[in-house]
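The listed protein sequences derive, respectively, from chains A and B.
Residue numbers for the first sequence follow my numbering, so the first one is 1 and each next one is one higher.
Residue numbers for the second sequence follow my numbering, so the first one is 1 and each next one is one higher.
Don't read these hints as lab results, they were simulated from the structure.
Keep in mind that the hints are not guaranteed to be accurate.
[Claimed, not checked] With a cut-off of at most 30 Å between alpha-carbon atoms, the simulated DSBU-like pairs for lysine-lysine come out as follows:
1. B:K119 <-> B:K141
2. B:K139 <-> B:K119
3. B:K155 <-> B:K139
4. A:K147 <-> B:K105
5. B:K155 <-> B:K82
6. B:K119 <-> A:K147
7. A:K14 <-> B:K119
8. A:K194 <-> A:K147
9. A:K14 <-> B:K105
10. B:K105 <-> A:K194
[Claimed, not checked] Here are some, though not all, of the chain A residues that point toward chain B, as calculated from beta-carbon distances under 10 Å:
11. D9
12. C50
13. H51
14. D53
15. D54
16. F57
17. R58
18. C178
19. T189
20. S192
21. G193
Idealized CB from N, CA, C, for every residue including glycine.
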Amino acid sequence: MEGDFTLPDPRPDKLLFISAGSGITPIMSMLRALEQEGGMEDVVLVHSACHRDDVIFRDWMEEIDGRSDGFRLHLQLTDDMGRMTSEDLEQICPDWRDRETFLSGPADMLDAVEEYFDTHGDRDRLHMERFQPEVGFHEEGEGGEIKFLVSDTTTEADGGTPILVAGEETGLQLNYGCREGICHTCTGTLCSGKVRDLRNGNVYGTEGESIRVCISAPEGPVEVDL
Amino acid sequence: MSTAQIESPLAGLSAEQIEQLGEEFDAIHDEVYGDLGERDRAYITNIIAMHRRIVVFARVMMLASRYKPAWIAGTGSLSAAKILENMEIGHNVMHGQWDWMNDPKIHSSTWDWDTASTKEAWKHSHNYIHHTYTNIRGKDKDLGYEIMRIDPHQKWHPVYLLQPAYNALLMLLFEWGVAVGSRRTTSPGRCLAASR
Chain A
1 MEGDFTLPDP
11 RPDKLLFISA
21 GSGITPIMSM
31 LRALEQEGGM
41 EDVVLVHSAC
51 HRDDVIFRDW
61 MEEIDGRSDG
71 FRLHLQLTDD
81 MGRMTSEDLE
91 QICPDWRDRE
101 TFLSGPADML
111 DAVEEYFDTH
121 GDRDRLHMER
131 FQPEVGFHEE
141 GEGGEIKFLV
151 SDTTTEADGG
161 TPILVAGEET
171 GLQLNYGCRE
181 GICHTCTGTL
191 CSGKVRDLRN
201 GNVYGTEGES
211 IRVCISAPEG
221 PVEVDL
Chain B
1 MSTAQIESPL
11 AGLSAEQIEQ
21 LGEEFDAIHD
31 EVYGDLGERD
41 RAYITNIIAM
51 HRRIVVFARV
61 MMLASRYKPA
71 WIAGTGSLSA
81 AKILENMEIG
91 HNVMHGQWDW
101 MNDPKIHSST
111 WDWDTASTKE
121 AWKHSHNYIH
131 HTYTNIRGKD
141 KDLGYEIMRI
151 DPHQKWHPVY
161 LLQPAYNALL
171 MLLFEWGVAV
181 GSRRTTSPGR
191 CLAASR
């Protein structure tokens, strides 16, 4: 699916970014894009982390903060300062209502900020990223021994590990593309044994069948033509 | 210019609705998969045989192409054969649509075609890039083949007024357009490992 969490085009004049923890990553891409375009005209970043050492991209943020007049950084270090509250926001960025706001972080933070925008600001100017839940990969089978016939390599994998990953961990260079069962780049022939489809838990496999090793875990000993 | 963002058609669905949609797709998959059999094998082998016959017919006709009817019949049927090979046979076989037959010849890992784009380059740009990042601007080159504006998020430029004209040109040179579009530009780590 195309991401909706992107900078609008043309760029808004005034921007506010609110993030916590690893929620900074999508925001970082936007900041880098703005910086490259020279578009840091009036940007505020409010980022929360437990401790200074936990701040991802801290060096970059502080460098830009020092170099660019149009960029202002506030680090909320929650070990000392506690979690950010609505009063904090009002103090750090009193003109938040005039800005397009981009928000990325844990769910309870998103909910709190969203509610605050709903009641005190303009919800339409708030853009947020909710992390997608992990797809599949929850149903674990028994695993087993994997023989890669062409590579002449044997390894073991547990029931949650795709054959592709098990092969890579022993140093094999196997073909792959999407790594999620879409593109068939990793397809190999199953020569014996059964595999489990990690997306839905189905166990299947007949001799000579094509399998995508990125989404298949061994269910007992298997041999693949890779 | 409007700053409105056009929403993905999926954006209005709740998590439960997306889950349900997924289940409906899975049901279609299971129904089709359960129904595959001899009838389908006969279909694809017949299409392949028909394609080969049309090609031979077309080439023979073109030997006599100083006569206009033979020229028209030759080029017309060769065009039809090329389209069949590209769209109905090559595309589908290299997608893995026929891998279920476990036929060593009609199989995504071995199939090749008489088209400007190599099978490896096409499988990478189509199966992996296009189908993993479908319609994502800047990632999926099938979105306008880098020369056309077909998505409202693409920035407008006056050159796009000529789009109908150069789209017609692309139609005429389609296999070359695909070959150029399939040039491998992703980083080595995400590419196919060296094919064996």
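Now for the hints, and whether the structure bears them out:
Restraint check for B:K119 and B:K141: the C-alpha separation of about 17 Å stays at or below 30 Å, so the hint holds. For the given pair, B:K139 sits about 20 Å from B:K119 by alpha-carbon distance, which is consistent with the 30 Å threshold. This hinted pair checks out: B:K155 and B:K139 have alpha carbons roughly 15 Å apart, not beyond 30 Å. Proximity of A:K147 to B:K105 is assessed by CA-CA distance (about 24 Å); at most 30 Å being required, the pair is judged to hold.
The suggested pairing of B:K155 with B:K82 is violated, with an alpha-carbon distance near 34 Å, which exceeds 30 Å. Proposed proximity of B:K119 and A:K147 is supported: the alpha carbons are some 28 Å apart, at most 30 Å. For a cut-off of 30 Å, the pair hint linking A:K14 to B:K119 is broken: about 48 Å separates their Cα positions. For the hint pairing A:K194 with A:K147, the CA-to-CA distance comes to about 12 Å; that is within 30 Å, so the pair holds.
Under the criterion of a C-alpha separation no larger than 30 Å, the hint pairing A:K14 with B:K105 is inconsistent with the structure, at around 60 Å. As the CA atoms of B:K105 and A:K194 are separated by approximately 24 Å, the hinted pair is consistent with the 30 Å bound. Interface restraint check: A:D9 against chain B, minimum CB-CB distance 7 Å, threshold 10 Å, status holds. With a least beta-carbon distance of about 29 Å to chain B, the hint placing A:C50 at the interface is violated under the 10 Å criterion.
Here the hint on A:H51 is broken, as its CB sits about 32 Å from the closest CB of chain B, past 10 Å. Hint on A:D53 is violated. Least Cβ distance to chain B is approximately 29 Å, over the 10 Å limit. Of the supplied interface hints, the one on A:D54 is violated, with its beta-carbon coming no nearer than about 28 Å to a beta-carbon of chain B, more than 10 Å. The beta carbon of A:F57 is not positioned within 10 Å of any beta carbon in chain B (closest approach about 21 Å), and the interface hint is therefore violated.
Among the interface hints, the one on A:R58 is violated; its C-beta lies about 26 Å from the nearest C-beta in chain B, farther than the 10 Å criterion. Interface restraint check for A:C178: the shortest CB-CB distance to chain B comes to about 4 Å, inside 10 Å, so the restraint holds. Proximity of A:T189 to chain B holds as hinted, the smallest CB-CB distance being about 8 Å (cut-off 10 Å). This hint is violated: A:S192 has a C-beta 14 Å from the nearest C-beta of chain B, more than the 10 Å allowed.
A hinted interface residue such as A:G193 counts as satisfied when its beta carbon comes closer than 10 Å to some beta carbon of chain B; here the least separation is about 16 Å, so the hint is violated.
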